[in-house]
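Knowing the structure of chain A, use the given hints to seat chain B on it.
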Amino acid sequence: MLHRRISQFLIIYFTGLAILLSIKYVLNLSDYVIPCPADIGTTFLQVFPMYSSDVMDTLSVAVISQVLSICLAFLVGIIGRRTTWFGSFVKVAAYNIQAYPIVALAPIIFILLGDGFLPRLLIATMICYFPLLLSVLGIMSQPITDIEHFYRVTGRMRWQLEVKIRAYENMNKLTTVIVGSATLAMAGAIVGEFIAADSGIGYSIRIALYQSDLSRILIALFMIGISISLYQGLLEWSGYLAKKKWTD
Amino acid sequence: MILEGRNIGLRYPNTDNCLFENLSFKITEPGFHALFGASGVGKTSLAKIITGDLKGFSGEIKTGDMDDLLYSYNLERLPGWSSVGNHLAKITSPSHQDLMDEIIDAFGLREHIRLRFSELSLGQQNRINLIRYLLQDFQLLIMDESLANVDELTRERIILKIKDLFPERLFLYISHNIIEVSRCCDEILVFRSLHNGTRTVSVKGQNHKTGQTVEKEDLELTMLEIMHAS
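Protein sequences appear in the order of chains A and B.
Those letters in the first sequence? Residues 1 to 248, per the numbering used here, in order.
Those letters in the second sequence? Residues 1 to 230, per the numbering used here, in order.
Extracted from the complex, chain A is given alone in its bound form (with noise of 0.2 angstroms):
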């Protein structure tokens, strides 16, 4: 799983960085508009301890806001789940609130709680969460009646039961969703740096940013990529791991 995963994100990488140099050449552009291979190879040796702290920054972020993500999708989702009109208020609401593009509340939250961890959390969360939840809901709201209906009929089934049995059913489908919500936590980290924090890599993107400097920005990417790709490849693992004790 892990080595699939760090194996696709190079290929996809070093595609990308080949089309980018291509390109360079194919239009004689100057190093300052896309840095050769040699200037990318020390710029890399430069910024990589740098970098590598950053990065973990970020993904410390991106791991927590998930973590909260989670927990809060699972509590709602459980809650909402039912065919009450608390239910139907809650999933209508999920589904309103994920029409709405979240990044754009992103000042807003900078502007109230300014630079630091707090406002990246927040941003990242609030990102990775809504998503996470209208896959939860469908998930948690779909009866396995096969399985359901001697427990309902002999009056057996408790919401944990019926949590329980949904969550086994459903265990590949669960796993799949967290592992790509990893993917929007670390967005929604690197967004919050962006806009609201003074460290972290999508801070350090920042900085290179308004320097021009792409070979920095292509290292960076780099490294985000292989800290995600490790990371999901670590839930993915997970998940598989917490499916084999559940069945064996």
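Please keep in mind that the hints were generated in silico from the structure rather than gathered at the bench.
Where hints are given, some of them may not hold.
As the list claims (entries may be wrong) - Below, in silico cross-link-like pairs of lysine-lysine (DSSO-like), each with a Cα-Cα straight-line distance of 30 angstroms or less:
| id | chain 1 | residue 1 | chain 2 | residue 2 |
| --- | --- | --- | --- | --- |
| 1 | B | Lys90 | A | Lys173 |
| 2 | A | Lys164 | B | Lys48 |
| 3 | A | Lys245 | B | Lys90 |
| 4 | A | Lys164 | B | Lys55 |
| 5 | B | Lys90 | A | Lys244 |
| 6 | A | Lys243 | B | Lys90 |
| 7 | A | Lys173 | A | Lys91 |
| 8 | A | Lys164 | A | Lys245 |
In this text, all values refer to a predicted model and were calculated from it rather than measured experimentally.
Chain B only, in chain A's frame:
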């Protein structure tokens, strides 16, 4: 009378035709009875109406003093996180432990209770599903194709065992096997599909019990009656 339906009418939403109109039936004794008829005539719908799982019908269902009415069907599954033995143990009250052991042996599943549901054959899955219903407190159990994919000999053995163990309970067995229904069931409600809805005709079955034999001529007569009625 322990179960009676009067003038039952049912039309599914967004359809022009009534599935039932003025359908009436009466079962006066406990025992093993059947709903028999071609696919789509409404056996399952009537079963769900009786147990209260299907609403929106007209007419009246009288269940007398029966409170616990259960509907089971052959596509049900048990959760996969534990063995079927563990699941059975969890849904069986302590007073039914001996009954559980007896039924597991009688149904030929002793060697399989350590397995998970997905590891069983279709016939074994259906038998396990039926066992968990038999271990509940019920007055009426509807068995909708509950012994599908089980071989004929085992099916007959199971039905005879159910009759021995629960002589005072009411069973409604839905099956397409005319020989089995004719041989094992007491009252057979044969569903007849007409242009203006389904009617039922009651045919007396051979109600085969442990230690009794069924004459071939009597069985054939019952089967002929059912074929004429359907």
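Outcome of the hint check:
| no. | hint | in the structure |
| --- | --- | --- |
| 1 | Lys90/B / Lys173/A | holds, 28 angstroms |
| 2 | Lys164/A / Lys48/B | holds, 26 angstroms |
| 3 | Lys245/A / Lys90/B | holds, 20 angstroms |
| 4 | Lys164/A / Lys55/B | holds, 28 angstroms |
| 5 | Lys90/B / Lys244/A | holds, 22 angstroms |
| 6 | Lys243/A / Lys90/B | holds, 22 angstroms |
| 7 | Lys173/A / Lys91/A | holds, 19 angstroms |
| 8 | Lys164/A / Lys245/A | holds, 14 angstroms |
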